[in-house]
Amino acid sequence: MSRRIRLGVFAVGACAVGTMLVIAFTGLPSFGTQRHPYGDRAVHMSVHKQTTSNVVSSVNFDQRATDTLGEEFILFTAVVGTLVLLRELREEDERDESQEKRQIAARGLPSTALVSYVMLGVTTLVGLYVVAHGHLSPGGGFQGGVVLATAIHLLYVGGGYAAIRRARPVPVYEILEALGAGGFVVLGLAGTLLTGDLLANVLPMGRLGDILSGGDVELLNLLVGVEVASAFIVVLSRFLEQYAVVGARRPTTR
Amino acid sequence: MNAIIAITVVLTTIAGTVVVLAGHPKRQALTLSMFGLTLTVLFVALQAPDVALSELGINALVVPLIILLVAEKIRARR
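As you go down the protein sequences, you meet chains H and D in turn.
Note that this note's numbering has the first sequence beginning at 1, numbered continuously upward.
Note that this note's numbering has the second sequence beginning at 255, numbered continuously upward.
Hints were generated in silico from the structure; no laboratory data involved.
Computed from a predicted model, the values in this text were never measured in an experiment.
Where a beta carbon is used, it is the ideal one built from N, C-alpha and C, also for glycine.
Incorrect hints may appear among the rest.
Said to hold, decoys possible - Far from chain H, some chain D residues (derived; all Cβ distances over 12 angstroms):
#1 Gln282
#2 Leu291
#3 Val298
#4 Val316
#5 Ile321
To be verified - Just a few of them, taken from the derived set where beta-carbon distance is under 7 angstroms, the chain H residues facing chain D:
#6 Ser53
#7 Thr112
#8 Pro138
#9 Leu179
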């Protein structure tokens, strides 16, 4: 296809999408109004039917749980793709041993290490809290999982590559990631078997505001927390490995 | 509340422009982190704490870290 035809095809598509966007935007309610028909229904469903005080979690894990299932597998596939791209190539096998040892032994100042280790505990606690209270307060499996994954990387800041490599056995997190993603599907199929609908609620709802409440929403949050934390740990481990170990064959200019 | 939203929208616009103009990926990684922080404040001002938390973790921390590691890796290979 020549450049002119491509531009022509693009112009037709852009005009159509542009027209539709203008029509859609002019039909939107203006910013900051009090009328929210969808929001009112979502809040009603969430609080009265599902005992989930965090309405966002109720939308993500119950009212629109199938969308979230798709997003889970977007993350899962992205991680697999990254692992395939960042696998060790044959030409990178010959490493300079001394370079590698220097990189691995490198660590931060004692004061940096102290702050990192203190923050490691605090951040882990915050991460666990955000995952466990996903159905009650802002946050949930995704946000808490990211916090948990960043927490473990404070070990790298404080103790260098050696510390983090000892502390996180990557194969374990690969398995946990798969279990988290698989668990979401299993719970979804349990809904299909018991009620006929994918991801329909199968667990007891409990009382609004209790730590054990919200039915499927809470368990799905925990599964997503496991998957997201493991996914980020696995991906960052590959990036860190590429940076700290692989390809140090030629001396760097640092 | 509207004043806070207006201020954070302006800050986000400035931070986003700085990321684009920063040029080098390493400088972009750091400015992207600041951009993530301004977006986080904007989402809090718009009463979306769930999105704000995701924004803080992903845009202010994980993505800049990955960009920094990749930029350093590419520099080391050259």
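Would you say D:Val298 is clear of chain H, with no C-beta pair closer than or equal to 12 angstroms?
-> Label violated. Min Cβ-Cβ 10 angstroms, cutoff 12 angstroms.
Would you check whether H:Thr112 satisfies its interface hint, that is, whether its CB is within less than 7 angstroms of any CB in chain D?
-> violated (16 angstroms)
Does D:Leu291 sit more than 12 angstroms from chain H, CB to CB?
-> holds (15 angstroms)
For D:Gln282, which was marked as not at the interface, is the minimum beta-carbon distance to chain H over 12 angstroms?
-> At roughly 17 angstroms from the nearest Cβ of chain H, D:Gln282 sits farther out than 12 angstroms, so the non-interface label holds.
Close enough to count: is the Cβ of H:Pro138 nearer than 7 angstroms to one in chain D?
-> Cβ of H:Pro138 sits 4 angstroms from chain D, so the hint holds.
Outside-interface status for D:Ile321 - nearest CB in chain H farther than 12 angstroms = The claim is violated: D:Ile321 sits with its nearest Cβ about 10 angstroms from chain H, within 12 angstroms.
Residue hint H:Ser53, partner chain D, criterion CB-CB below 7 angstroms = violated (13 angstroms)
Does H:Leu179 pass the interface check with chain D, least Cβ-Cβ distance below 7 angstroms?
-> Not OK, violated: H:Leu179 not within 7 angstroms of chain D, min 22 angstroms.
D:Val316 clear of chain H by more than 12 angstroms, beta carbon to beta carbon?
-> At about 6 angstroms from chain H, D:Val316 fails to clear the 12 angstroms cut-off, so the statement is violated.
Checked against the numbered hints above, the structure violates hints 3, 4, 5, 6, 7, 9; every other hint is satisfied.
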